[in-house]
Amino acid sequence: MKKITFFITVLLTTIHFVNAQQTTVTSFNTLIKSNHNFGITNPLINATTPSPMTYDPSQVDALGAAFSIDYTNEPGTTGFDGYPSGTVGGFKVSGTYYPGNVAACGMPVQIKDLTHNLRFNWKTSQENISAGAKWWATINVIFDNGTANSEPDPTTRDYDLVIQNVSYENDDFTDRGPTNPSGSQYWYFAREKTGIDPVTNLKPLKFFEIYIDGVLYKFAVRYKFFTASSGTKSDKVHLKFIPLDNIKMPYFDHSLKKFIDCTKDYIQYIDLPETADEIILAHQKVALDDLWIKSISAGYEVYLGSMTLRNDYFYTTIDNTAPDALTNLSGVNQSGEAVLNWDASTNPALDTSTLYRSENGGPYSVIASDLRTNTYTDNTVSNQNYSYYVTATDRSYQESMASNIVNVNFSSSSLVSTTFTTVDDAHVRIGSNAGDNYGSTGNMQLRETTNIDGTRQAFLKFDLSSIDNVVSAVLRLRNTGANTGTVDLNRVANDSWFENTITWNNQPDIGDKIGTYQFDAIGNFDMDVTTYVNLEIQGDKIVSFALNNASAFMTVSSKDSTTDPAPQLIVVYNQGTTLAVKEFSESDIVVYPNPTSSKVNFTIKNPDLKTGTVEVFDSLGRLVQQSRILNSNMSLELNGLPGIYFVKIKNGVRILTKRVIKQ
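Reading the sequence shown from the start, the letters are residues -20 to -1, 1 to 643 in mature numbering (1 follows the signal peptide of the UniProt record, and there is no 0).
Hints may contain errors.
Stated by the list, open to error - Simulated restraints, written as ranges between beta carbons of each label pair:
(1) Pro161 - Asp269: 42 to 48 Å
(2) Tyr377 - Ala128: 21 to 27 Å
(3) Phe390 - Asn15: 58 to 64 Å
(4) Asn327 - Asn611: 51 to 57 Å
(5) Pro23 - Thr543: 45 to 51 Å
To be verified - Keeping only pairs whose Cα atoms sit at most 25 Å apart, straight-line, the calculated SDA-like set for lysine to any residue is:
(6) Lys228 - Lys92
(7) Lys92 - Asp304
(8) Lys238 - Asp304
Please keep in mind that the hints were generated in silico from the structure rather than gathered at the bench.
Ideal placement from N, C-alpha and C gives every residue a C-beta, glycine not left out.
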């Protein structure tokens, strides 16, 4: 994630910003960082009573377009004085326009190509405010319908977007139609489609919402129109996000796309007929796909009084990194509900969590999203067995990898799917490297060659001491290299080796071959190891494998990798009987033949022809086929590749899951 190293610096330096080494801005526009496209604008420097703007040039990388301005309005004036601001992106100074640096700040970018990865980061502060002072803090997004690197032309701008942070006073949230304009301007707020606010006698506001550190903040969304004739500078739609109750945001670190999407989506909430000129104009102007986002400016509209106003920091973040997986998910059956807890994330950009659930080894689906706590109670359970995992989503809507999986059982049916990762893994190498240990590397190398130093093979160890009654086991490895080919997987009876001491010279004996498997470039590949795991589970429940005879040079991610998943053993096991309820008998349902080459037949006593279903899952718990129960005798063609499948028959309130092997 670009700019992430700056965030810590911001926290350390903002407090001391006032006392840092300062440079005074003595021109209207000042370019303070050309390669990051940071600039600041002080239209007040040449006023009769100057309002000096300062910035710390040594902190531009960390704080972006940060500044402090000691504002004093012109004597005898009460109107708008100017917009002292910091800018990220395209910037003009001394007659030269500097287009945005896309790699550094994410702009210029067309709306159609904008993603949630581009976030704006802004913190403001104010002090020494005189009585009766008038000002407000805003962000302005600059759009243009020209080319990527052309200077924006304000006379042809169709669409303006302003995000307000805080103002000297609360805003009036009433509508002003064309018969009651404010000068040449009038506006409508987005409102709910039903209900009446008893105070305003209008429909309630349709709020735009964001969260900051778990706290909800609401904005009213205002669409402003102009009485100017078509084709003039004011022939546009002006969008403004206004905070409810004038509550100041502690900071922004949010997706720009989230705000832009809202301006288009909320047109439907303007309380006007669809045929109104304003609605038609909004659809013609707002957030058009081909508009270029050239830059973003953050600062203050200043009117009256004296005060010190600051951009404590202002920059954009290009975040392409998903958050870390959440950890230590736990779940218990508490009074017939699944109570789930996990460790809170320390990632400052984390926004929400999403909880996934699987029923009786079936596919996972979302049961709760937009969670902002690290606990959840699932009260939608029945007499089944459930597996859960949770993911984290950051403010760029990037989802993390899954947490650990937990199982919560509510029935006598105990088919459970769980994933183990290696407790030890390492590769060894022949020849002059035969005494070297590679147990801490992030990947394991495999190669079979006549080169005296070239051959490499890998060892994996899993601890299955927490389970019994294995129904299926699949070994999943991640090939991180670009080669394709085959590799042998073998049994290893001796589990006394450890990753931090194993070498070619002291490696355990390699046993019988389990199989030869095809691997593709950069991706996962799975190997059915059910038979071998079932044998090992009867002993010490420690399972070791060897990978060797690779037909091409191959790298497999290890548990020490920081970028790719560790080797996994995906196990379906049975905690008890497969009956869903006590009165259910396997004699009620007969499944045959098993094993089968293609077709599986069912004989079902007293079939439920209204709601009964047959579902087929592969060995990883993915739903691959399903059908309704049509009569007492029916057949189902297994369309997948040879392997292990689970056939789940729901007949009324009864459920039976059978393991079927396709040869």
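Hints and how they fare:
no.: 1; hint: Pro161 - Asp269: 42 to 48 Å; result: violated (31 Å)
no.: 2; hint: Tyr377 - Ala128: 21 to 27 Å; result: holds (25 Å)
no.: 3; hint: Phe390 - Asn15: 58 to 64 Å; result: holds (59 Å)
no.: 4; hint: Asn327 - Asn611: 51 to 57 Å; result: holds (54 Å)
no.: 5; hint: Pro23 - Thr543: 45 to 51 Å; result: holds (48 Å)
no.: 6; hint: Lys228 - Lys92; result: violated (31 Å)
no.: 7; hint: Lys92 - Asp304; result: violated (29 Å)
no.: 8; hint: Lys238 - Asp304; result: holds (22 Å)
When each numbered hint is compared with the structure, violations occur for hints 1, 6, 7.
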